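Chemist: Join these two chains into a complex; the hints should help.
What follows is each chain in one-letter form.
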Amino acid sequence: MHGRLISILRSRFRVRDLSSERDVPCTERRGRSAGQALAPVALSVVLLGVLGPGQEGDGPTTTAPSTTAPAESDWRATQHEAVVDAREALWLDGRPAPAPPVRLEVESVAFEEIDGAQVALLRTCIVSEQGDTFDIFGGIVERGSGYTTNQSGEVMGTVEGRWQLATRLVTQARSWEGEAGCATD
Amino acid sequence: MRHRLTSALGIALVVLLVACSGGDDDDGAGGEPAVDDREAIEADVRSAHEASDAARRDSAAGPSANPELAALSDTHTGPALAEWVRVTTRLQTLGMALRYPEGSQRAVSIDAVDLDDDAAEASLEVCTVSDGEIYLVSTGQVVSSGLRTTRTNETMVRQDETWRLSDREVVAIEDGATC
Numbered sequence: 001m002h003g004r005l006i007s008i009l010r011s012r013f014r015v016r017d018l019s020s021e022r023d024v025p026c027t028e029r030r031g032r033s034a035g036q037a038l039a040p041v042a043l044s045v046v047l048l049g050v051l052g053p054g055q056e057g058d059g060p061t062t063t064a065p066s067t068t069a070p071a072e073s074d075w076r077a078t079q080h081e082a083v084v085d086a087r088e089a090l091w092l093d094g095r096p097a098p099a100p101p102v103r104l105e106v107e108s109v110a111f112e113e114i115d116g117a118q119v120a121l122l123r124t125c126i127v128s129e130q131g132d133t134f135d136i137f138g139g140i141v142e143r144g145s146g147y148t149t150n151q152s153g154e155v156m157g158t159v160e161g162r163w164q165l166a167t168r169l170v171t172q173a174r175s176w177e178g179e180a181g182c183a184t185d
Numbered sequence: 186m187r188h189r190l191t192s193a194l195g196i197a198l199v200v201l202l203v204a205c206s207g208g209d210d211d212d213g214a215g216g217e218p219a220v221d222d223r224e225a226i227e228a229d230v231r232s233a234h235e236a237s238d239a240a241r242r243d244s245a246a247g248p249s250a251n252p253e254l255a256a257l258s259d260t261h262t263g264p265a266l267a268e269w270v271r272v273t274t275r276l277q278t279l280g281m282a283l284r285y286p287e288g289s290q291r292a293v294s295i296d297a298v299d300l301d302d303d304a305a306e307a308s309l310e311v312c313t314v315s316d317g318e319i320y321l322v323s324t325g326q327v328v329s330s331g332l333r334t335t336r337t338n339e340t341m342v343r344q345d346e347t348w349r350l351s352d353r354e355v356v357a358i359e360d361g362a363t364c
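The listed protein sequences derive, respectively, from chains A and B. Everything in the first sequence is counted per my numbering, starting at 1 for the first residue and increasing by one. Everything in the second sequence is counted per my numbering, starting at 186 for the first residue and increasing by one.
Okay, chain B solo, but in the shape it has when bound (with noise of 0.2 Å):
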């Protein structure tokens, strides 16, 4: 009988242990990813971020904007896709393009990351400095330049275990590199 009892009890034990360890997951229904995960998570965000922000260059760029690249929406999604889908169609309607000079200043730095709860969103708080041109591929007329810096709100979220930029807010444009 006594020995039934222990059996029941570490059965139990074992039990409670396999439940609790179940909130360490990042599986998004146990609770919040643990302090190492979220690193890792924060890791595999700003990897991401660097993915569509080339996938946005790659797309504008000569000699023609290109909105159906396929790097575009493995990269973004929701209203961040649709709407450089539609400045990518323009740039392609209007014959213009992005190009960078030789030596370009651009760079980006992710200010901060902040990730949901359940590790599914991260809002970001971006700054780019850039110097690329705007320009009339026919001619290679000069339409928009200079170095700036822009200031971004952006949300990440993840689906299918991918992370995708899905909004992106222009919060400031200044002249000269101020990030």
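The shape of chain A in the complex, shown without the other chains (with noise of 0.2 Å):
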């Protein structure tokens, strides 16, 4: 039963940095949404370039194969799921699993130490169902249909040996209507 719910969590999510069994408690799933995390900010043209396709040449990043977890053997391979755990759990929010295409993949993870502090470059391809639209004075006037697909970089640190997201683009690198560009990559 619980092979099988984690086989349906991993189908729906796709986050291809997940090891086979791995079992996060409740506790370290739920955290804030992006919206309650610590507040955006306006890296978008920088992080474009610095978490950019061609990036993961840059520096320490791990970019985890399939179905295994990467081979590093430093303390970057120790951090890099929880990484990708700690970025799940925020998009999921505690909200229940949510039907596929809709899913968010963690395409890349960059490490950087800075005297001991760790701060993670994430790079995401997020899945998204089309929500609704909404004219000033508050009346739904659009329900939207079908998917749009976002690649975003995104910058997520330690507080108190916690992984938590710091930034997050406000305008994302790439965007797609449907399931398409990084999704279908």
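Keep in mind that the hints were calculated from the coordinates and are not lab data. The model shown is predicted, which means the values in this text are computed figures rather than measured ones. Some clues are possibly wrong.
What follows is a set of in silico ranges between Cβ atoms, one per label pair, in the way DEER data are often shown [claimed, not checked]:
1) Glu346/B to Arg162/A: 18 to 24 Å
2) Val356/B to Asp185/A: 34 to 40 Å
3) Gly146/A to Ala256/B: 53 to 59 Å
4) Gly288/B to Ser128/A: 41 to 47 Å
5) Asp243/B to Ser128/A: 54 to 60 Å
6) Pro98/A to Ser289/B: 40 to 46 Å
7) Ala77/A to Ala292/B: 26 to 32 Å
8) Arg95/A to Thr324/B: 27 to 33 Å
9) Asp301/B to Asp185/A: 27 to 33 Å
10) Pro264/B to Asp185/A: 52 to 58 Å
11) Gly146/A to Gly263/B: 50 to 56 Å
12) Asp222/B to Arg162/A: 36 to 42 Å
13) Ser175/A to Ala228/B: 45 to 51 Å
14) Ala97/A to Ser289/B: 40 to 46 Å
Output of the computed footprint for chain A on chain B, the stretches with three or more beta carbons under 8 Å from beta carbons of chain A [what the hints assert, rightly or not]:
15) 219-232
16) 270-277
17) 296-310
18) 315-322
19) 325-334
To give a feel for the contact side, a few chain A residues facing chain B, derived at Cβ under 8 Å [stated by the list, open to error]:
20) Val102
21) Ile126
22) Glu129
Glycine residues also receive a C-beta, built at the ideal position from the N, C-alpha and C atoms.
Modeler: Right under this line is the structure:
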């Protein structure tokens, strides 16, 4: 039963960095939502450059294979899964698992260590269902349909030993209509 | 004749003594330095490590990380210099910097210094307790904080009579102060 549940979650989220059978306690998975997390900062242009598609070769980046944990043996390897789990938890924010194709994929994680302080630079690909649009009087004027795909650069850091989302792009690096772009690469 | 033989033996003895005393120099070409010299060299290494540590902190400090800080290239070389320039450049690009709280608990302990035979390279085991914070300069928002311990294996090399950090490998990062 437990294995089946894990399997369903895996297929729905397609978080490629997760190792096979790690069970993260709910207390760890529950975190602040992106909106509740530390205020977004206008790093969009900067992060586009820093976390752009050509960024992997610049620094200690880990891009996990499809089913297994990264092969690194240093401290970054021990943090990789924790970062991905924390990011997934923030995305879920306690809600039920969304139906496919809605999902979060952590495409790459690059770590920096500055005097022991850890910073993770993520590139994520998120497929979202288009939300409702409200007019200025608060009434629903359009109910969206279909999906959008967004590729973003994000920064996470450890605060008291826990990974938290520090900044997220206000403007996504790339955006596509439907399940497209990074979601289909 | 006897007098000339004695003189020749005396000269030979002097030459022999001079040749043997050359082994105590730390010029890297005549064998291992003496114990006293090694202690002095180790003290130099520790002092140079302290300077390299300060340069890294200064180059990452706000209001803007500075990968071109002169003290960085004065105290670092090779991969360690390239890596820290990369890190501080990234911090600068992201608008982030390093700072310490009032009454910081930061402490560095060098657990071991291993000099190579000709005292041109030193391997260090370093344990650092730090409570430095990475923050966004524009807003002050804390990105990464907390008391932690970093264990590193570091290499220092002697270049132009100056010890410089040439390599720094993080072995472990632990929560809290565990040195």
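Chemist: Honestly, do serine 175/A and alanine 228/B meet the 45 to 51 Å range at C-beta?
Modeler: violated, 59 Å
Chemist: Do three or more residues of the segment 325-334 of chain B come closer than 8 Å to chain A, measuring C-beta to C-beta?
Modeler: With 8 residues in contact (Cβ-Cβ under 8 Å with chain A), the coverage given for the segment 325-334 of chain B holds.
Chemist: Quick check: the segment 296-310 of chain B, covered by chain A? Criterion 3+ residues, Cβ under 8 Å.
Modeler: As far as the segment 296-310 of chain B goes, the hint is violated, because 0 residues have Cβ atoms under 8 Å from chain A.
Chemist: Is 41 to 47 Å right for how far apart the beta carbons of glycine 288/B and serine 128/A are?
Modeler: For glycine 288/B and serine 128/A the Cβ distance comes to about 45 Å; the hint holds.
Chemist: Could you see if the CB distance from glycine 146/A to glycine 263/B stays within 50 to 56 Å?
Modeler: For glycine 146/A and glycine 263/B the Cβ distance comes to about 53 Å; the hint holds.
Chemist: Is the listed coverage of the segment 270-277 of chain B by chain A valid when you require three or more residues with a beta carbon under 8 Å from a beta carbon of that chain?
Modeler: Since three or more residues must qualify, the claim that chain A covers the segment 270-277 of chain B holds, with 4 doing so at under 8 Å.
Chemist: Please count how many residues of the segment 219-232 of chain B have a CB within 8 Å of a CB from chain A and say whether that reaches 3.
Modeler: violated (count 0)
Chemist: 40 to 46 Å was suggested as the range; check whether the CB atoms of alanine 97/A and serine 289/B agree with it.
Modeler: Distance hint for alanine 97/A, serine 289/B holds at roughly 43 Å.
Chemist: Closer than 8 Å between Cβ atoms is the bar; does isoleucine 126/A clear it against chain B? Give me holds or violated.
Modeler: violated, 21 Å
Chemist: Establish whether the coverage given for the segment 315-322 of chain B by chain A is satisfied; the threshold is a Cβ-Cβ distance below 8 Å, and no fewer than three residues must meet it.
Modeler: Satisfied; 5 residues make the cut.
Chemist: Assuming the hint says 27 to 33 Å, is it satisfied by the Cβ distance from arginine 95/A to threonine 324/B or not?
Modeler: holds, 28 Å
Chemist: Could you tell me whether the CB distance from aspartate 301/B to aspartate 185/A stays inside 27 to 33 Å?
Modeler: 49 Å Cβ-Cβ, so the 27 to 33 Å window is violated.
Checked against the numbered hints above, the structure breaks hints 1, 5, 9, 10, 12, 13, 15, 17, 20, 21, 22 and satisfies the rest.
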